[in-house]
Amino acid sequence: MTKPRTSFIAGALALMVLVSAPSWAPPITFNTALPVPKGTGIFRLQWKYLQSTDDSSSLDRELEVLAFPLVVGYGATRNLALFAIAPVLDKSLDVNTPVGRRTRSTSGLGDATLLARYTLYQRDRSGGTTRVSPFVGVEAPTGEDRAQDGLGRLPQPLQLGSGSWDFIAGTVATWQTLRWEVDTSLSYKLNGEANDFDFGDQARLDLSYQYRMRPRELGDGVPAFLYAVVESNLIWQDRNSESGLEDPSSGGLTWFLAPGLQYGSRRYIIEAAVQIPVVQDLNGAALENDFVTTLSGRVNF
Amino acid sequence: MFKRSLLSQILFLSLIALVVAPSAQAEIRSATVAVNGMSCPFCAFGIEKRLKKVEGVRSVDISTRQGTARLVAKDGESIAVDQIPAAVKKAGFTAGGIEVEVVGVITTDEQDRVVLRVIGADQTFLLTTFDTTKEEELRSLAVKGAAVRVQGPLHDHTDELSAIDPDKVEEIPA
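Residue numbers (the working numbering), protein chains in the order written: chain A, 1 to 301; chain B, 1 to 174.
Check the hints yourself; a few may be wrong.
Unchecked claim - Just some of the chain A residues that point at chain B, by a computed CB distance under 8 angstroms:
| id | residue |
| --- | --- |
| 1 | Ala76 |
| 2 | Arg78 |
| 3 | Pro98 |
| 4 | Gly100 |
| 5 | Arg125 |
| 6 | Ser126 |
| 7 | Phe225 |
| 8 | Ala228 |
| 9 | Gly264 |
| 10 | Arg266 |
Just so you know, these hints were derived from the structure itself, not from any lab.
For clarity, every value in this text was computed on a predicted model and none was experimentally measured.
All residues carry an ideal CB built from backbone N, CA and C; glycine is no exception.
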C-alpha cells in the first residue's frame, strides 16, 4: 500500500506550484516580465480551489485543496524585482481504507518561496514594450512535513511542506501593447530530497494572451482596463521516489487551458480564471485533476 | 561706473521679477514627458510615484492613450526637468521627448544667441528655431528683454545648455 499512499495526489501536487507564482500585471496563473518600479511594492492575495474526484480505483479518492498564497513583490532596482511567497494551505482527502472511508486533512503554512527576477532585455516604444526577464528562486521547507493523524503519518504529498530545499530557474518574456499582451514563461524546478522522499523535478511552459475589451477606445487619463484572458499551462513532472525507488504512479504531463477575466486600475487588479485540464497523461494511478479555480487581487503600494 | 551698471541690472531684474511674479509664480510651470513602454493602467502607478519625487512637482497627470505624463509645478517652485528621465527610468520605462512651459526673460548671450533666463532659478535655455519669422520675433523680444512664457519641446543642444524649440511664445505684459 505504500506506493498508492504516496502517489495518490501526485497530479494535484503539481498544481501547488501554480499557487506560488507571483505576478505584476497579467497573466493570472504565472509570472510576467513587466517591471516592478524601484521602490514600489505589490501585494497579491489569491484564493485557489483545486478539486480531484474522478478516481476509478477502489480507493475512490476525493481531494480538495484550498490555497491562499500571499505574495509581496518589491522593486529593488530598476531591473531587479524580489518576490516572497507564503502559501497558506488546507488539504483534505477522502479515501477508502481497510477501516472504512476516512478523511485525512491538514492545514497551515506551506513552503515559502523567494524569487529574484532580472530584466535582461527591454525595448520600449510608444504604447508598447517587449521584455525578457530570467528568474531564479528557492523554495524553503517552511511547511510542516511530518504531520500525523489518527491513521498515522500523512503521506508526503499530503503534507504542507516537502521538507526539502528546492530550486527554480526560468525565463519569462512579455510583449505588451495598449490593446493586447502576450506572456510566455519557461521554467524548471529542481526538487530536493527530504524524509527519504524526493518529489520529481518539474518543467513547465506557460503562455498567456490578454485582450482589452473595455474601454474599446481609450479616453483621457488612466482608465481601468477589462481584459479577456486565455492561458495555457503545460506541466511535466518526473516521478517521485521514496527510499531510492521510483513511484510508478506519480508524475506525468498535464496541459491546462484557463479562460479568465481581469479588471485592472492603476492601484489594484482583480481577476479570476478556471484552469481546465485538456490533457492529463499521468503515470500509473496518479489522481487526475478536475479543475482549478483562481480568484486574485493585487494592490500597488 | 561698474557699480552703477551692476546696480541698474539688479534693479531691472528685480522689477521684472515683481512684474512677472503675480502671474507666473512658478518658472518651469509644467513639463510633459513621453513615457515609452507604458501600456497598462497598473504601470501608471509606479510612474506617477517616481515623477512626484521630482523636485518642484505638485501633481502628475498621466494619459495612457497618449503615453505621456504631465507634471505641474508647486506654487512658487520650478520643476527640475533634468531629473525627469532618471525618474522614468527608475519606474522601469524609457523617457521620450519632454515639452516644457517656462517663464523667463528673453535676451541674447555673449555669442549673440537668443536665450531664456529662467526667473527664480539658475537656469538658461537656448531658444532655437529654423523659422526665420519666429527668429525675428524672438530677437525683437530679446532686444526688449521681455518677460515671456514659452512652450515647446526640450532638446539637447550644446554641452552647456539645453534648448527649447518654441511652439508658442507669449509676452507677459508689464
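Hints, verified against the model:
1. Taking 8 angstroms as the C-beta cut-off, the interface hint given for Ala76/A is violated, the closest approach to chain B being about 11 angstroms.
2. Given the 8 angstroms rule on beta carbons, the hint for Arg78/A holds: about 6 angstroms separates it from the nearest Cβ of chain B.
3. Hint status for Pro98/A: violated, given a least beta-carbon distance of 54 angstroms to chain B, over 8 angstroms.
4. With 8 angstroms as the threshold, the beta carbon of Gly100/A stays out of range of chain B, its nearest partner Cβ sitting at about 51 angstroms, so the hint is violated.
5. Because the closest C-beta pair between Arg125/A and chain B is about 6 angstroms apart, less than 8 angstroms, the hint holds.
6. Residue-level restraint check for Ser126/A holds (minimum Cβ-Cβ distance to chain B is 5 angstroms; threshold 8 angstroms).
7. Residue-level restraint check for Phe225/A holds (minimum Cβ-Cβ distance to chain B is 6 angstroms; threshold 8 angstroms).
8. Taking 8 angstroms as the C-beta cut-off, the interface hint given for Ala228/A is violated, the closest approach to chain B being about 14 angstroms.
9. This hint holds: Gly264/A has a C-beta 5 angstroms from the nearest C-beta of chain B, less than the 8 angstroms allowed.
10. Interface restraint check for Arg266/A: the shortest CB-CB distance to chain B comes to about 4 angstroms, inside 8 angstroms, so the restraint holds.
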